[in-house]
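Make a model of the complete structure from these sequences and hints.
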Amino acid sequence: MAGKSTALRDRLTAGTPAPPATRAGMPPLVRHLLLALAALAVIVALTFVVDPFTNVRLATVGYYLIAVAGLTLLTGFNGQVSLGHGAFMFIGAYTVALLVLHVPSLPFWADLLLAAAASGVAGTLAGAAAARLHGPYLAGATLALAVGLPAVTQRFPELLGGSNGLAFTVNSRPAALAGTIPTPQWQAWVVWTTVLLALVVLANLTRSRFGRTLRAVRDDEVSAELAGIHIGRTKILAFVLSAVCGGLAGGLQAFLLGTAAPGSFTPVLSLSLLAAMVLGGIGSMWGALWGALALVYFQAWSEDLTHALELGTDIANNLPLAVYGVVLIVVVLAFPQGIQGGVRALRTRLSRLRRTEEGHR
Amino acid sequence: MKRTTVLAAALAAALTLASCSGAGEQQTGDTADAGAAPGVTDTSVLIGTHQPLTGPAAPGYSRISVGARAMFDYINENGGINGRKIEYRVEDDGYNPTRTVEVVKKLVLQDQVFALLGGLGTPTHSKVIEFLNTEKVPDLLVSSGALMWDDPAKSPMTFGYQVDYTREGKIQGDWIKKNLAGKKVGLMFQNDDVGRDSQTGLDQFIAGQIVSRQGYDPANTDVVPQISALRDAGAEVIVCSCVPAYTALSILNAAKLGYRAQFVVSSIGADPATLTGLLQEFGKRGGTEVSAGQLLNGLVGTGYLPDVSRADDPWIKLLREVHQKYIPNEQLTNTVIFGMVQAFTFAQALKAAGRDLTRQKLVDAMSSGALEGPGLTPFGFTQQSHSGYTGAFVFKINPDTTTTEIQPPMVTDRATGPITPANLQRKTPQEINLFGGTS
Chain A
1 MAGKSTALRD RLTAGTPAPP ATRAGMPPLV RHLLLALAAL AVIVALTFVV
51 DPFTNVRLAT VGYYLIAVAG LTLLTGFNGQ VSLGHGAFMF IGAYTVALLV
101 LHVPSLPFWA DLLLAAAASG VAGTLAGAAA ARLHGPYLAG ATLALAVGLP
151 AVTQRFPELL GGSNGLAFTV NSRPAALAGT IPTPQWQAWV VWTTVLLALV
201 VLANLTRSRF GRTLRAVRDD EVSAELAGIH IGRTKILAFV LSAVCGGLAG
251 GLQAFLLGTA APGSFTPVLS LSLLAAMVLG GIGSMWGALW GALALVYFQA
301 WSEDLTHALE LGTDIANNLP LAVYGVVLIV VVLAFPQGIQ GGVRALRTRL
351 SRLRRTEEGH R
Chain B
1 MKRTTVLAAA LAAALTLASC SGAGEQQTGD TADAGAAPGV TDTSVLIGTH
51 QPLTGPAAPG YSRISVGARA MFDYINENGG INGRKIEYRV EDDGYNPTRT
101 VEVVKKLVLQ DQVFALLGGL GTPTHSKVIE FLNTEKVPDL LVSSGALMWD
151 DPAKSPMTFG YQVDYTREGK IQGDWIKKNL AGKKVGLMFQ NDDVGRDSQT
201 GLDQFIAGQI VSRQGYDPAN TDVVPQISAL RDAGAEVIVC SCVPAYTALS
251 ILNAAKLGYR AQFVVSSIGA DPATLTGLLQ EFGKRGGTEV SAGQLLNGLV
301 GTGYLPDVSR ADDPWIKLLR EVHQKYIPNE QLTNTVIFGM VQAFTFAQAL
351 KAAGRDLTRQ KLVDAMSSGA LEGPGLTPFG FTQQSHSGYT GAFVFKINPD
401 TTTTEIQPPM VTDRATGPIT PANLQRKTPQ EINLFGGTS
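Heads up: the sequence lines are chains A and B, in that order. Reading the first sequence from the start, the letters are residues 1 to 361 in the working numbering. Reading the second sequence from the start, the letters are residues 1 to 439 in the working numbering.
Hint data in this document are derived by calculation from the structure and do not stem from the laboratory. There could be a bad hint or two in this list.
Just some of the chain B residues that point at chain A, by a computed CB distance under 8 Å [unchecked claim]:
(1) T54
(2) N96
(3) L109
(4) E130
(5) K136
(6) D192
(7) P218
(8) G258
Quick list of simulated restraints, FRET-style, between CB atoms [claimed, not checked]:
(9) A:V42 <-> B:P38: 22 to 32 Å
(10) A:N318 <-> B:Q324: 24 to 34 Å
(11) B:R310 <-> A:A334: 50 to 60 Å
(12) B:G208 <-> A:A151: 25 to 35 Å
(13) B:S228 <-> A:A39: 54 to 64 Å
(14) B:Q110 <-> A:R349: 35 to 45 Å
Ideal placement from N, C-alpha and C gives every residue a C-beta, glycine not left out.
Written out as structure tokens, the structure is:
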């Protein structure tokens, strides 16, 4: 049996040489790294022209992006629904907070790696349980994670600060830059460097054999198993990777805002991440970017709107959420594949239009 | 596999470049100038605040900024302070510390507010206190009674407002010891500085009477386990160091369990009108009509501002006028009054800071010790102390939800000092003369 499935797997994967050639004729790793470098250059340039608070917002988009990207890998590529992704952000944030407060000699990149590792471990445990669950059961279990985990702070108020949480300042800026580069700008650089590196890893993984395995499990577990794919292992690995992304996001949030408190990691956060993923487009890493932008800017715009219109407090209080909900419904109705689906449709139509025009000439 | 190793190495290398020294607590090297005056023009001064307009603490507290805005409208209509109108920007943080940091950074970095007024909440405001002090933004009249706002050495720009939880706990403990001697006491408290600091005061007097201590987390609205535990421990008195929503939940759940106890509630959660609204709303959600008067009758609370029902008080007269003129559709509660008094007190400090305004001058005016206001106990503001109101009176709620003072205002310190009568000669609004004379 084992021999047979190996043979089948070999046959299934025989047609795809690794690494596969791409449009530009470059291996994907090089192409992704170059793309990430270009993106970083754009962002660094941007941080010089915008005001300090926009730098904070840029960094906020960054950490949401990596959290949503992790969720995209899990749900979009592997078909596992997680309603509890905020729990991994919680772990990441508290790991960074505790390290900054109690092991101040450690450099920040080490704090961040440890935060990622800690949520990876948690992701392994959660993933092992999740691999045995399907659909609503999985959703329920992950939601329980988001509801239950922040309560740990109540159990250890001395260490974790109870409902108050922890406050701290992360110093990561090299002394040479002090006074020349403002803190928010430096923070945006650090966040985006980390996020882009993590995205390179994710993009590469999803385009590799592992990515095909993920999708095979998502589309049809039985045939995937027949093809010799270890279902449980694949599912756990997907969970671990997305948990690591969540941990990184939480660690970066702690770095940016200098806080880790249970009130920040309510189930609402997990659900917002999920909504952002759906809004951006489930099947694509680009969707994560649109989702993260939506998370940050819909809130900001609707608040600016309420300030500008000077609405009554009761309306103003609930408008941001209402606007977000309406946009989500409209986008999903118009483009079931999310914003990225819309972008893709637009691109197809444009290229078709161009082709017909060329045909007429 | 090999590729993964390369990637990991690349990741590590890039992160190493990103940081070369330890990440621990350190000064960032940024300096701000307290002599500056952003947000100030010839005709206006922009101030900001963060409030829970949505989320778990919004019931009750979302009305504070409504009261403050009404008071600023009144002040602006009378020509403003030193010729400047006050622009008041309210940001919703949902009682979520992450949002608090975001909106406060927005207020300071983008909107360039001159000062922050009455930022609400201990778990929330504690996350921005360092940022505000680094940026040298006056952080006035924080809406919380935690002790940490009174630390002029570490946070020179931050000033408290409410009576701090330890002082209030001492006055409550002293009252319980005298009036409910020998009764078993159970504590219900918010599991953060609200609870911790309150118990520091309560324990000085009634440590021996306490039979059970139950904390709640503001993210979890199920308080049945805590109330059951208090009942099982035989507590005859429940001291609730809780925000309004949790005071109401505790009262409602005790009633549901058929558990009758004498409630003693901190000023942060003892506003009868707010509690009435909450009890009715929570009752409706649970599918029952509740009689708030019946549930609140006999509840003991502490306060430091004049109660809305004191019709003869000159300050209440003024506040009622402002209410009638600017927010007639809003119910006038002690919570709305909290915001109005806060705004009035800020205006006093702004006036004392003079026409030639800087952030440092505003802070100097706050710590001059000359601030007198509507409160029934004096402020503790000096160069050495940034403590807000320094004591409280004890009241009882009547069956018609009005209140009766049962112990006059007393003052004390945050350590183990004595509790003494406040004996405050309060100035009237006319004597304070907010709009007359230019300094």
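How the hints compare with the structure:
no. : hint                          : verdict
1   : T54                           : 5 Å, holds
2   : N96                           : 5 Å, holds
3   : L109                          : 4 Å, holds
4   : E130                          : 6 Å, holds
5   : K136                          : 14 Å, violated
6   : D192                          : 4 Å, holds
7   : P218                          : 6 Å, holds
8   : G258                          : 27 Å, violated
9   : A:V42 <-> B:P38: 22 to 32 Å   : 30 Å, holds
10  : A:N318 <-> B:Q324: 24 to 34 Å : 28 Å, holds
11  : B:R310 <-> A:A334: 50 to 60 Å : 59 Å, holds
12  : B:G208 <-> A:A151: 25 to 35 Å : 31 Å, holds
13  : B:S228 <-> A:A39: 54 to 64 Å  : 55 Å, holds
14  : B:Q110 <-> A:R349: 35 to 45 Å : 38 Å, holds
Comparing the model with each numbered hint stated earlier shows that hints 5 and 8 do not hold.
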